[in-house]
Every structure is written in structure tokens, then in C-alpha cells.
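Student: These are the residues of each chain, in order.
2 protein chains.
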Amino acid sequence: MPIYKAPLRDMQFTLNEVLDANSFWQNTPQLSHVDADTVNAILEAMAQFSEDILLPINRSGDEEGCTFNNGVVTVPAGFKEAFKQYAEGGWIGLGAEEEFGGQSMPKMLTVLTDEMLFATNPSFTLYPLLTIGAGMAMAQHASEELKNTYLPKMYSGEWSGTMCLTEPHSGTDLGIIRTKAEPQADGTFKITGTKIFITGGEHNMTENHVHLVLAKLPDAPAGSRGISLFLVPKFMVNADGSVGERNAVGAGSIEHKMGIKGSATCVMNFDGATGFLIGKVNEGLAAMFVMMNYERLSMGIQGLGASEAAYQNAAAYARDRLQGRSATGTKMPEKNADSILVHPDVRRMLLKIRANNEAGRAFALYTAQQLDVTKFSDDPAARKLAADRVALLTPVVKAYLTDKGLENCIEGQQVLGGHGFIREWGLEQWVRDTRIAQIYEGTNGVQAHDLMGRKVAKNNGAFVAPLIAEMREFNATLASHANLTFMHDALEQAIQDIESATQFVIEQSQQNPDQINAAAVDYLHAFGLLNFAYMFAKIAKAADGKDDTFYADKLRLAKFFVTRMLPELKSRVASIKAGSDVMMDFDMAYF
Amino acid sequence: MPIYKAPLRDMQFTLNEVLDANSFWQNTPQLSHVDADTVNAILEAMAQFSEDILLPINRSGDEEGCTFNNGVVTVPAGFKEAFKQYAEGGWIGLGAEEEFGGQSMPKMLTVLTDEMLFATNPSFTLYPLLTIGAGMAMAQHASEELKNTYLPKMYSGEWSGTMCLTEPHSGTDLGIIRTKAEPQADGTFKITGTKIFITGGEHNMTENHVHLVLAKLPDAPAGSRGISLFLVPKFMVNADGSVGERNAVGAGSIEHKMGIKGSATCVMNFDGATGFLIGKVNEGLAAMFVMMNYERLSMGIQGLGASEAAYQNAAAYARDRLQGRSATGTKMPEKNADSILVHPDVRRMLLKIRANNEAGRAFALYTAQQLDVTKFSDDPAARKLAADRVALLTPVVKAYLTDKGLENCIEGQQVLGGHGFIREWGLEQWVRDTRIAQIYEGTNGVQAHDLMGRKVAKNNGAFVAPLIAEMREFNATLASHANLTFMHDALEQAIQDIESATQFVIEQSQQNPDQINAAAVDYLHAFGLLNFAYMFAKIAKAADGKDDTFYADKLRLAKFFVTRMLPELKSRVASIKAGSDVMMDFDMAYF
Numbered sequence: 347m348p349i350y351k352a353p354l355r356d357m358q359f360t361l362n363e364v365l366d367a368n369s370f371w372q373n374t375p376q377l378s379h380v381d382a383d384t385v386n387a388i389l390e391a392m393a394q395f396s397e398d399i400l401l402p403i404n405r406s407g408d409e410e411g412c413t414f415n416n417g418v419v420t421v422p423a424g425f426k427e428a429f430k431q432y433a434e435g436g437w438i439g440l441g442a443e444e445e446f447g448g449q450s451m452p453k454m455l456t457v458l459t460d461e462m463l464f465a466t467n468p469s470f471t472l473y474p475l476l477t478i479g480a481g482m483a484m485a486q487h488a489s490e491e492l493k494n495t496y497l498p499k500m501y502s503g504e505w506s507g508t509m510c511l512t513e514p515h516s517g518t519d520l521g522i523i524r525t526k527a528e529p530q531a532d533g534t535f536k537i538t539g540t541k542i543f544i545t546g547g548e549h550n551m552t553e554n555h556v557h558l559v560l561a562k563l564p565d566a567p568a569g570s571r572g573i574s575l576f577l578v579p580k581f582m583v584n585a586d587g588s589v590g591e592r593n594a595v596g597a598g599s600i601e602h603k604m605g606i607k608g609s610a611t612c613v614m615n616f617d618g619a620t621g622f623l624i625g626k627v628n629e630g631l632a633a634m635f636v637m638m639n640y641e642r643l644s645m646g647i648q649g650l651g652a653s654e655a656a657y658q659n660a661a662a663y664a665r666d667r668l669q670g671r672s673a674t675g676t677k678m679p680e681k682n683a684d685s686i687l688v689h690p691d692v693r694r695m696l697l698k699i700r701a702n703n704e705a706g707r708a709f710a711l712y713t714a715q716q717l718d719v720t721k722f723s724d725d726p727a728a729r730k731l732a733a734d735r736v737a738l739l740t741p742v743v744k745a746y747l748t749d750k751g752l753e754n755c756i757e758g759q760q761v762l763g764g765h766g767f768i769r770e771w772g773l774e775q776w777v778r779d780t781r782i783a784q785i786y787e788g789t790n791g792v793q794a795h796d797l798m799g800r801k802v803a804k805n806n807g808a809f810v811a812p813l814i815a816e817m818r819e820f821n822a823t824l825a826s827h828a829n830l831t832f833m834h835d836a837l838e839q840a841i842q843d844i845e846s847a848t849q850f851v852i853e854q855s856q857q858n859p860d861q862i863n864a865a866a867v868d869y870l871h872a873f874g875l876l877n878f879a880y881m882f883a884k885i886a887k888a889a890d891g892k893d894d895t896f897y898a899d900k901l902r903l904a905k906f907f908v909t910r911m912l913p914e915l916k917s918r919v920a921s922i923k924a925g926s927d928v929m930m931d932f933d934m935a936y937f
Numbered sequence: 347m348p349i350y351k352a353p354l355r356d357m358q359f360t361l362n363e364v365l366d367a368n369s370f371w372q373n374t375p376q377l378s379h380v381d382a383d384t385v386n387a388i389l390e391a392m393a394q395f396s397e398d399i400l401l402p403i404n405r406s407g408d409e410e411g412c413t414f415n416n417g418v419v420t421v422p423a424g425f426k427e428a429f430k431q432y433a434e435g436g437w438i439g440l441g442a443e444e445e446f447g448g449q450s451m452p453k454m455l456t457v458l459t460d461e462m463l464f465a466t467n468p469s470f471t472l473y474p475l476l477t478i479g480a481g482m483a484m485a486q487h488a489s490e491e492l493k494n495t496y497l498p499k500m501y502s503g504e505w506s507g508t509m510c511l512t513e514p515h516s517g518t519d520l521g522i523i524r525t526k527a528e529p530q531a532d533g534t535f536k537i538t539g540t541k542i543f544i545t546g547g548e549h550n551m552t553e554n555h556v557h558l559v560l561a562k563l564p565d566a567p568a569g570s571r572g573i574s575l576f577l578v579p580k581f582m583v584n585a586d587g588s589v590g591e592r593n594a595v596g597a598g599s600i601e602h603k604m605g606i607k608g609s610a611t612c613v614m615n616f617d618g619a620t621g622f623l624i625g626k627v628n629e630g631l632a633a634m635f636v637m638m639n640y641e642r643l644s645m646g647i648q649g650l651g652a653s654e655a656a657y658q659n660a661a662a663y664a665r666d667r668l669q670g671r672s673a674t675g676t677k678m679p680e681k682n683a684d685s686i687l688v689h690p691d692v693r694r695m696l697l698k699i700r701a702n703n704e705a706g707r708a709f710a711l712y713t714a715q716q717l718d719v720t721k722f723s724d725d726p727a728a729r730k731l732a733a734d735r736v737a738l739l740t741p742v743v744k745a746y747l748t749d750k751g752l753e754n755c756i757e758g759q760q761v762l763g764g765h766g767f768i769r770e771w772g773l774e775q776w777v778r779d780t781r782i783a784q785i786y787e788g789t790n791g792v793q794a795h796d797l798m799g800r801k802v803a804k805n806n807g808a809f810v811a812p813l814i815a816e817m818r819e820f821n822a823t824l825a826s827h828a829n830l831t832f833m834h835d836a837l838e839q840a841i842q843d844i845e846s847a848t849q850f851v852i853e854q855s856q857q858n859p860d861q862i863n864a865a866a867v868d869y870l871h872a873f874g875l876l877n878f879a880y881m882f883a884k885i886a887k888a889a890d891g892k893d894d895t896f897y898a899d900k901l902r903l904a905k906f907f908v909t910r911m912l913p914e915l916k917s918r919v920a921s922i923k924a925g926s927d928v929m930m931d932f933d934m935a936y937f
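Protein sequence lines, in the order shown, are assigned to chains A and B. Going from the first sequence to the numbering used here is simple: count from 1 and add 346. Going from the second sequence to the numbering used here is simple: count from 1 and add 346.
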């Protein structure tokens, strides 16, 4: 059976020693309720919950899946009880506003609890995640009445939330959705249309479902400027807050998928359902993007969590599996073969996963810290800088961590040889479950386009420049670390390569806008590598000079990353500079 | 539902125009029975069989899977009837010796028929494939009596074959197998032990199963020098060739797997079963490797076939899916959005798959041609050179084409967005079914180690040098093609990069044998890229100067490959040169 132990020491090292979270909390008045002891206690509690409650129902949830019967969706055995425990533990509102029953914990903490959740049961995790995302969009854009009616019930786990965007003909291009919202005399709207791929659209764990739905008013402008956001409850809510009559919305079916089979992916039919406007008419996309950006960061964490689980299971297998002998002489003469850990290629696979995980965790926490600044800082200039940084890095966390997540799950599966393909070992489920993270909440191609276009080329690198300045400033501090010359030089080289690629795309795209999308995915990967190099520079600095194998291994891993993984960056830049003509020269009929 | 049309024009172009197969057949007396018309007729017949018979039962076979009940394995609906038709069409013996009922067709042809089979139903294809591999090992090493008794029934499809190597504790390291073979007075052996991961070990499509089993005699030397090969039939064969009493062998269970669910993967128990020695005592591994090498080439074709199917389905989706507008101005004003083919990144994904497929097909055919020389040529020097080339390239075809196969299936799935994750669209099945090809018949890490060690470093590059000389000689002929300077220069640069990497590993490994395994996977990928560049040079030369979009597109695809995919080679070489210390410096306890 698959194993998992939350990597608490690595988490605490990254939080406290690499990113100095404690000082940040102490220096941010709105985070004065946070301290290291509280954080550690929460991390330990989540470690226990994820290891003891969620992991045991992960494989069985995959085997059983969700079932659909006449509009009723039943989650796999154990999910309902786990959800109750999760809700009672106050986990849903961990990062939410206190006035609605939340605990106002920083994103730097929930990133780590999310990692444990995704490492042990991604199907389960999606249910509360969608609720939190919906709550966040409502907290910023809904009326006080809607917030007071719905949010406390959502954070308590009595009700759950969804986001209803996609339609059969409309995914990335939301401007062409057809779902209609007809204004009623009482200020509500009648919502009619079909939404697909709705995570947790219907299930038997909560007494009510709160759907956030994108729809168009009859007189709405064409395209994405004519989309409004509505709250559509499954059951109407009575004046006393109790659940009332059924609204005209329900699941038509659930999808049969490659993975996350314990998560109900529903077709939702709205047949003149009563909806309440959230935010302003025709400004629904902006409100929904509050939720989308939150979910995108979380999807990156899905990749990271899966990858940590893949590492742990692959390493455990490698330790125990005896096969062949070391090329440099027998290492375990008492056995009839050596552990496969004597083979450099097995180590290469494991180290690649681990380097991605440690840099990925630091990078996610770094981005979370920026998000916390935007939310909790009293300094407007700091908030603005952090908001730009979040805008720049969100697509990178989403796409790079999920691309690496899948790669790492596949690599971990490979370590197990034939056993990796067998269901009971669990690795193949990680591959299947993680695959969706590259697709949903905007495909990774869409993330790359957002990065390369809106976040880089279209503002002439205005978000990139301060990040690079910060990296160079930090890199200068490595001068006093004789051990870290390799790290300093590698980071500077990576910066120069990204500067060159950025300049190339900015210049070329002024003549030919196709250059942006042509460069997008390679740029995203190059940019991910640069940020991982930056994180390893921070990790190495935090570890340097400390007398403990734990720290010495951090330097070794940084060296592995720099010498064996970072070289990919140059090949990505070379591909970018090949430009778009080599793709656009083909006639449409070629494909 | 998934689609597939055999790419006959591309196949014929590669066979006839790129590799000039016709001249080869005409100049090889033992292949005088082969001509272009025969080959085309066979290709067309297989196109029809794979499209009409195999594709329709591919998804249903995945959904239904094999079932195990009290030792009896039942294949999915339609498989038994398809197998009967396949056998009656004479397909099993297409490449086998005429004296046993085969048709002696060259590997260059069966590589293409295999591609169609794997593109439409990999689970089905494994059943006859194992039979053919077993037959091949028997044809070279078994006694006349065994051959005459078994081979005609195997090629006719009445009986089927398996290979039984792996045991629970022994996969890559066959030297530690425990299955015993006790000599009997009548010259037979009693075989006792458990074998796992046995493809087609038991099923209801044939009346008898012919197991080739690795086992150890009581007095056998330790390790791989003490392994013998035995033929163990499920039912003993009577003197008249009819099936007699049951032998003491049977399936204990079948595995529940990530994919190829229509292929029965069995645990086989041998309880003193009667076995017949194949070849000499303690030389079983050599006999089995005849089969293994054949299977390894075929596994590469599995990757290629899947990748072609992924391309066709992704391209079909992209043509029809309307989403967003071209960055350079609306292309389909009559629709509410443009086809996603207007987006460079969608083209990048599709072109990457297609470039891998066209180079991969040429590379597989090139290797098959070398195999045909070893089998059919009358010139001993040519046979020797070709045998070395086959030894060098077999692990590359196996590992590189399956690594690219999985990558391409994932990329194809990505083109479909959310629909790629849904079972009914079929792409996710390609991902799951193709994943095994990187693992079985020796993991791709083992292939890379074989390439880097036995085939390159340990003979000081003796197999590589003549291949590079051939590439340079060919490249010189591009001088008269003004259009192909880009191709010439890229190939020469790739050659130099590989020469440098090869030299590095040969030198370093003399001091430190771990350098071989440390470099292995990166070298395999670099070497795969070099060979694909060589193939594109051949494709481009064959297409240059011909006045047809079909040919002009070949040059465009070569340019896409050179500018956007080949740059990876340099980063692979950089990783190789990082050496093994960055991995071996970690203590074993680190993992």
C-alpha cells in the first residue's frame, strides 16, 4: 500500500530558515495572531489528518469512484465521514475571514496544509478547495446579505461551493458562453443553460450546494465583456437560514475520467434556476478570477503534493529492492544483490523528483508570501509590488509545478519497474490523478500564454524587471560564501538567458503578435527553471556553514540541480528564438 | 469515438523514397519474393484489418478488461473472433520461416504492419507478438523435433507463446531467479517456480499455450551464467500433434493494471511441470535474448503506433474546436471563434508529435533494414556491420520511441483540454496503454545502460564510429541542395556534440565505472535526437526539389525539428558532462 509521511522538517526549514516567515509575521501587524508554535501545531495536526484519515481512502476511492443515480451523486466510502471530520476540525475556513467563521491564517501556511491534502487524497481535497475558492470570490464581490447567508455555512462544511464556467462549446474562450440570465422583477435572475466539467457539482456530503455561475444577460455585449456572475443555490435558503425548496438546478450525469475518480465531475443543468447577481452586471469574469487565481495556485500545489508522494514511495521501493551489483564493487555482500540505490540512474530519477519538490515548495511558499503581502500589508507600495509579482508568478506556479508534478509521478513510477504499472502499488494512480492538474483551471498552454502575453510582453517586462533586480541583489549576498560560487554563477547565467529571451519576444511580438504564443510554453519552462535556481540559491545560502548532514545535503541537491537540470534552460531559449514562422508556415489543411 | 487511418502515403514515402526499399529487395537474392506491389497489398490489407476490426474493440476491451476465474482467463468481447480472423489471414507468420508456415517477409514490412496494430489495439497485439517472439527464439535454438511439433501450430494461431522471465524478486537481474529445473530420466525436466508479469500466460483464444521459461538446474553456476531455457506446454502434445493431458502449469491470478487491460498479465505457477530444454544447458539467456531483442524493437513500434493515433485524434479535435481568435486577425469570420489551429502553441504540440512520428518511423525502418541485412544478406561483412548496428540501435528504438510515445500521447491529450481526460475520447487510454512500453522488456533505464555501457563505452565507440561515418558521408551529399544547408549544418553539429559526449564517457568511465550509468539516459536521448536528425536529413533530401505540398511540408517539418526540438541535444550533453559525483556523493540513507 502507498505510504506518506508529511515532510515536516523540510516544510519548517523552507518556511523558517529559507523564507524567514517568522520575521514576516512579526513585522506585519495584521498577522500578529500568527507565530511559529501555532503554525507548527497546525502543520502537525494536518500531517496526522492527511496520513491517518485521507491516505487510507485514496486508493479505495479510486477503485470505487463516484456513482450517479437519477441525479443523486454518491461519493466513495469513507469520504463523507472524512469530510465531516475535516469540517469539524475547522480546516475549511483556515485561511478565510474570521467574521464568517474562518481563522485568517496566511497563505504561507495553507500552501503547506494543501500540499499534505493533495499528497494523500486529491479527489477528496477538491471538494473543500472549490468551496474555499467560491467563498473567496464571494467575500470580495458579493453583497453583505449573500455573504452573511452563505459564507458561514460554507466554512463550517454544512454547504459546499462550485464554480460553473465551462460549456460544451466553450472552455478557454468564455466569451462565447450561452448560459442565459433573465432579470426578474424581484431583482433575482432566471438562469438557463448547461455547464460541464463541474467539480463537486453534486454529491452527498453537504446539505446544500452553492454554485457560482457565469451567464449572459439578454442585452449583454458580445464576448468576455458581457459575462456576469451569479450565485445559484441547489436549495433556496429560508429567512432563518435553513434550507428551503429545491431550485431548478441539478446534475445530468457525471464524467468517466482517467483519474480523480473520487471527485464528482458533473454536467449541470440550469432550467430557469433562481440566481443572485454577484458583483456588477457584465463584470463577472473579474469576480470569477479572484477564485480562478486562488485555484491556480492550489493546482500547482496539487502537482507538488503528488510529486512528494511519488518521491516517498519510489525511494521506499528503491531502498528495499535488491537487483544487480554496484559498478564500483559489491556494496551489500550479505545479500544476493545490492539495493538499486547503488545505480546512478536510479539516484538521478529520485534526485530529479526531490530537487523539483524542494525548489517547488520554496517557490510556492515564496509566491504565497507575496499573496500574503497583498492581503495583510499596510504599505500600499509593498502591496502593489507584491500584486504584480503574484500576477507574474501565478501562471508559473500553476503550470510549472503541475508539469513537473506529472513528470515526477511518471519518473517515480519508473523507479518501481513493472510494479509501477500495477494498481495496488499506487504510483499509477498518482500519474492518473495528477494528469488533470495540467488541464483544469486553464490548461498549462493557457497559463503560459498568460505569462508570456499579459504578464511579460504586453507590459514590456515591467513585472519581470523588479524580480530580476531582486534576484541579482540576493545573488550578490552569496559573494561571502566561498562554497556557493557554483550557485551564484549559475543563477546569474540563468538571469541573462531569461533577459535575452524576454527581450527577443518583446521585440519580435511588436512586428508579429504570433511570437507570443509561439514562445509561451518554452518561456514558461525556462522561467520556471530560473525561479527554481533562485530558490536553490536561497536554500543553499540558508544551509551553508551549518554543521549537519541535513544542511550539507541541501547544498548537494543544489549542485545536482545546477549541473544536471538547469542546462535545459538554454535549450528552451534556443527553441524560443526559432520563432513562430516554423509553425505558422504550414497551411491549415496540413493538420 | 477515437479515429485512425493508417498513414499509408507516409509509410510508402519512407519505405520507397527515403530508404529505397525496392532496390534493397531487388539486390538481395533472398528477398527476391518481395516487391512493391506485394508490399502495398499487404499494407492495405493490414490497414483495413486494423481500422475495421481492431480499433472498434480497443476501447471496449479497456473498459471490460480480462477476467480471471478459477485459473481460467477470459479476454474481452470481440478479441477471440478478431484473433481467429488475424490468424486465418496468415498475419502471425508474416515474418516467419516458410518451412513452418510463415511468409518470410522482411522486417521492413512487419515494422509497418506492427505500427498499425499498435495504433489500433495494443492489448490485442501483444498476444500474437509474444507468439512470434517465442517462435523466433525456438527457430534459432530449439531441436528440430520441438520446432516441427510447435512452430506450425503457433504460426497458424492454434497455439500461442509466452516468455516467462520475471519472478517476484527478480526482474532486471535475472541472475538471481529461483525457478528450478530438475533433470528427468527421459531427458525432460521438472520445472518448479513462480513467474510474474507473464503477458498472455493464460487466455481463451488458443487451445494450447507454449511457455518459454528461464530456470536453473540444481548444479547450475550462480548468476546469469547458470540459466537455462525450457519449453513448457500447457497441454502435453500427443505423437499425432493433438493436444493431450494437462501439464502442471497454470495461472494463479491476473494483475490489475494502469492500462493494456485487454492483455492478460498473469502470475504463472509451475509445479513440477514437464519442460523441454531449448538450446544448451546454462545458455538460456542467449536464446531468450533472440526473443528479447525482437520484442524490444516491437515495443518501440508500440510507442510509434500510439503516437500516430494520438496525432490523428488530436489534429481532428483541433480542426473542429473553435475557441478564441488568431492573434494576427480573425481567420474564420463566419464562425464565432477560430479553429484552435490558429494558435501557434497548438501547432507546436501537433508538430512535435508529428516530427517524432515521421522521424521515428524512418528510424524504425532504418533499423529494420539493418536487421534484414543480418538475416537475408549473402555478404558476411555486410552482415557483421549490420549486426553491430542493430545491437547499437535496438535499445534506442525501444527506449527513445517509447519515451517519445508517452510524451506524444500526453501532448495529444493536452490538445483536447478537458476532453482529453474523459474516457470516451480515447486519448487517456493511449496514455495508460503506452506507459507500459517504457517499462516492460527491460525498462528504458536498462536500455540506456545497455546502450551507454555494452554498446558504446565498453567497445570504445566501435559501433558508433561507423554510424557517424555513414552520417557524414550522407551529409556531404546535401552540399548540392541549396535548400538544405540548415539541415546539413544541424546534423554536423549534432554529430560533433555526440562525439564529444561519447569521448567524455569513454574516458571518464575508465577511472570511474559509475560514469556509464550516470550518463546513460541523457546519452540515450541525445543519441535519439542525433538519429532523428539523420532521418530528417534523409527525409529532406528525398523531398527536396519535388513540386508538391506533400514534399514541401516534409522540408517544413524538418525545419521545425531542427530549430525547435534539436536544441535539447546540447542540454543533454551538458547534463552528461556533470558526471556521476553529483549523484553518488549522497549517502545511501539520504533517500
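It is possible that part of the hints are untrue.
Remember, identical chains collapse to one label, so a pair may be satisfied in a single copy or spanning two.
[Stated by the list, open to error] Listed next, the in silico DMTMM-like pairs over lysine to aspartate or glutamate satisfying Cα-Cα at most 25 Å (straight line):
1. K677 / D927
2. K804 / E409
3. K677 / D586
4. K721 / E443
These are calculated hints, taken from the structure and not from any lab test. Nothing here was measured: the structure is a model prediction, and the numbers come from that model.
Student: With identical chains treated as interchangeable, where does the CA-CA distance between K677 and D586 reach 25 Å or less: within a copy, between copies, both, or neither?
Tutor: neither (72 Å within a copy, 55 Å between copies)
Student: Is it within, between, both or neither when you check K804 against E409 at 25 Å Cα-Cα?
Tutor: Neither way: K804 and E409 sit 46 Å apart in one copy and 47 Å across, limit 25 Å.
Student: Between the shortest in-copy and the shortest cross-copy C-alpha distance, which are at most 25 Å for K721 and E443: within, between, both, or neither?
Tutor: Within one copy only: 11 Å inside a chain, 75 Å across chains, cut-off 25 Å.
Student: Taking 25 Å as the upper bound on the Cα-Cα distance, should K677 and D927 be classified as within, between, both, or neither?
Tutor: between (54 Å within a copy, 17 Å between copies)
Consistency note: the structure conflicts with the earlier hints numbered 2, 3.
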